[in-house]
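Throw the hints in and build the complete structure from the sequences for me.
Protein chains: 2
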Amino acid sequence: MSVPLLILVTRPVVGVTDGRTDAVTSAPELSTDAGFHFANASLPQLSVLDLGVTRGDGVFDSLLVADGRIPALETHLARFADSARLLDLPQPDRAVWRAAIAAAVATHPPVPVLAVKLVLTRGIEGTGVPTAWVLAQPALDFTAVRRTGVKVVTLDRGYRHDVAATSPWLLQGAKSLSYAVNAAAIREAQRRGADDVIFISSDGFVLEAPTASVLLREGNRFSTPSAELGILPGTTQRRAFEFLRTYGYETDAVRLRASDLRRADAIWLVSSIRQAVSVTQLDGEPVGVDERLTEQMNDHLGRAGD
Amino acid sequence: MSVPLLILVTRPVVGVTDGRTDAVTSAPELSTDAGFHFANASLPQLSVLDLGVTRGDGVFDSLLVADGRIPALETHLARFADSARLLDLPQPDRAVWRAAIAAAVATHPPVPVLAVKLVLTRGIEGTGVPTAWVLAQPALDFTAVRRTGVKVVTLDRGYRHDVAATSPWLLQGAKSLSYAVNAAAIREAQRRGADDVIFISSDGFVLEAPTASVLLREGNRFSTPSAELGILPGTTQRRAFEFLRTYGYETDAVRLRASDLRRADAIWLVSSIRQAVSVTQLDGEPVGVDERLTEQMNDHLGRAGD
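Line order of the protein sequences matches chains A and B. If you count the first sequence from 1, position 41 lands on 41 in the UniProt record's numbering, and the numbers rise without skipping. If you count the second sequence from 1, position 24 lands on 24 in the UniProt record's numbering, and the numbers rise without skipping.
Hints are supplied without guarantee of correctness; some may be wrong.
[What the hints assert, rightly or not] Residues from chain B that keep clear of chain A, each with C-beta distances beyond 12 Å, as calculated: (1) F142; (2) K151; (3) D195; (4) R238; (5) T246; (6) V254; (7) Q296.
[Said to hold, decoys possible] Covered stretches of chain A, as calculated for chain B (at least 3 residues, CB under 8 Å): (8) 36–48; (9) 159–165; (10) 183–197.
FYI, nobody ran anything at the bench for these hints, they're computed from the structure. C-beta atoms are modelled at their ideal positions from N, C-alpha and C, and glycine is treated no differently.
Right under this line is the structure:
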């Protein structure tokens with residue numbers, strides 16, 4: 001396992017730690033007002049007093065690096081800013097984050113696929129100063145699962161479809177650090193002999209997977225649950241739809257019922273790092289799979305071309 | 001602000017760091033198989049790869065130290081173990097945690113009120129090794145709010161009253177690190193000119209406050225929402241009820257409707273560190289306050305006597 005690279009997005013710049021060793025070197029291209037510094041992610045960098053860990057009080061976003069570039073970078077940064085706004089966190093300074101991401105990508109040793117994570121927490125309790133970092137690390141290899149697909153179970157998300165509008169304090173639609181329920185849902189899926197989950201609202205609407213958007217195909221029409229259902233706006237779903245439209249398919253964001261899943265010709269879960277994976281089984285029943293289209297989508301999603 | 005003391009509950013024991021300085025000293029009473037070591041909580045001790053921060057994937061508990069002892073320590077340890085079970089985390093070794101807590105309490109410099117936090121996370125992603133720590137730090141001074149009470153608004157918790165039974169992956173009833181919604185609800189209360197929140201289930205049952213249990217008084221009868229509603233079993237609520245019964249009051253855990261709150265003679269929020277605070281206003285309407293009983297309860301709750 002190669003060592004991930006951490007860039008702390010805080011003032012002032014203090015230097016560069018080589019991600020592969022503990023040696024601190026100077027940062028040749030970094031002026032003292034770049035707004036971030038390098039640190040070694042294999043060493044402890046976070047306080048146990050940080051509200052990011054004591055309360056899961058922060059936001060994140062995950063980005064794929066393709067050919068040294070980040071597809072849909074600005075869409076990710078916009079979503080990161082939206083997540084911060086939903087949690088009443090300060091708005092990230094995009095110029096600083098862009099520079100930190102670029103520095104992380106430029107500095108990380110070559111790996112097959114690089115993933116970058118952005119994190120912004122409310123910081124150490126009582127200080128009012130957020131903690132922020134960019135983490136560059138080798139992505140897990142999802143080649144196999146893109147070929148085999150995943151078995152999925154539907155699970156109740158517990159909330160009505162309209163809570164994002166009626167009860168914004170439930171933080172639906174924010175990519176927050178409070179993701180324990182998403183992890184628990186995936187463990188529940190595994191207990192049921194499946195790999196992943198599609199969440200359904202308590203009143204029967206299709207929502208999203210714990211870490212992916214849901215795509216449905218019926219004939220030449222592709223649909224995804226609309227963002228007003230309190231789900232995360234999928235950056236990869238958006239890129240997949242752009243791609244599908246160039247092939248002449250119709251795409252739409254709509255309200256879908258659980259019964260629409262059972263009627264679909266094919267279902268995919270799409271996300272930045274794992275990209276598009278076919279759902280081969282839904283609650284124990286087989287689902288149609290289009291291997292060729294899945295491969296074409298992943299070819300497209302794995303390229304930069306933003 | 002005095003520096004908090006951190007005790008990392010991990011093998012092996014490596015030494016003691018004085019909480020007030022960075023100097024590492026030897027641990028006189030600690031054998032190498034005590035199962036924990038001391039570390040300085042004012043220095044970074046946590047990896048940004050820890051699932052405790054990247055996913056809020058862990059559990060905690062908060063304990064009050066009264067006269068050098070912890071009221072209801074075993075109840076707290078049992079609840080901590082229950083939280084771990086709900087998240088499929090390994091069961092904490094109570095002997096090690098007891099010893100670590102005792103060491104933290106014995107080592108911390110004297111302060112008016114000491115608070116101890118227990119944390120267990122799923123650890124660094126991919127390792128399968130949990131991260132665990134005990135943090136001893138001076139408690140905030142809640143003397144004033146115990147006298148003045150708090151203004152409260154009711155907010156929809158979004159979940160039906162029965163989700164803990166129907167949908168255990170929603171982790172209701174676990175004291176998890178994914179507490180961003182609790183913090184967001186308190187910010188919403190502040191926007192509405194209040195200090196705190198009582199959560200109501202989507203089907204109208206009284207649940208709990210973001211970090212406290214709810215107690216109601218009607219005549220000589222005290223009630224609290226029952227634990228089957230997917231709320232945290234309140235260790236302080238339990239102690240308060242024991243105390244009230246010695247005064248001849250009736251106590252009961254029941255299902256309460258939001259309308260029961262409006263009919264109550266008095267309402268309290270009770271928790272380990274802040275103890276009992278009177279609700280003086282509910283959704284803008286005044287609530288009866290019993291200053292003398294509140295003071296008596298707090299006298300009792302602030303003493304060890306487990």
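Results for each hint:
{"no.": "1", "hint": "F142", "verdict": "15 Å, holds"}
{"no.": "2", "hint": "K151", "verdict": "17 Å, holds"}
{"no.": "3", "hint": "D195", "verdict": "15 Å, holds"}
{"no.": "4", "hint": "R238", "verdict": "24 Å, holds"}
{"no.": "5", "hint": "T246", "verdict": "35 Å, holds"}
{"no.": "6", "hint": "V254", "verdict": "23 Å, holds"}
{"no.": "7", "hint": "Q296", "verdict": "31 Å, holds"}
{"no.": "8", "hint": "36–48", "verdict": "holds (count 8)"}
{"no.": "9", "hint": "159–165", "verdict": "holds (count 3)"}
{"no.": "10", "hint": "183–197", "verdict": "holds (count 5)"}
In summary, this structure violates none of the numbered hints.
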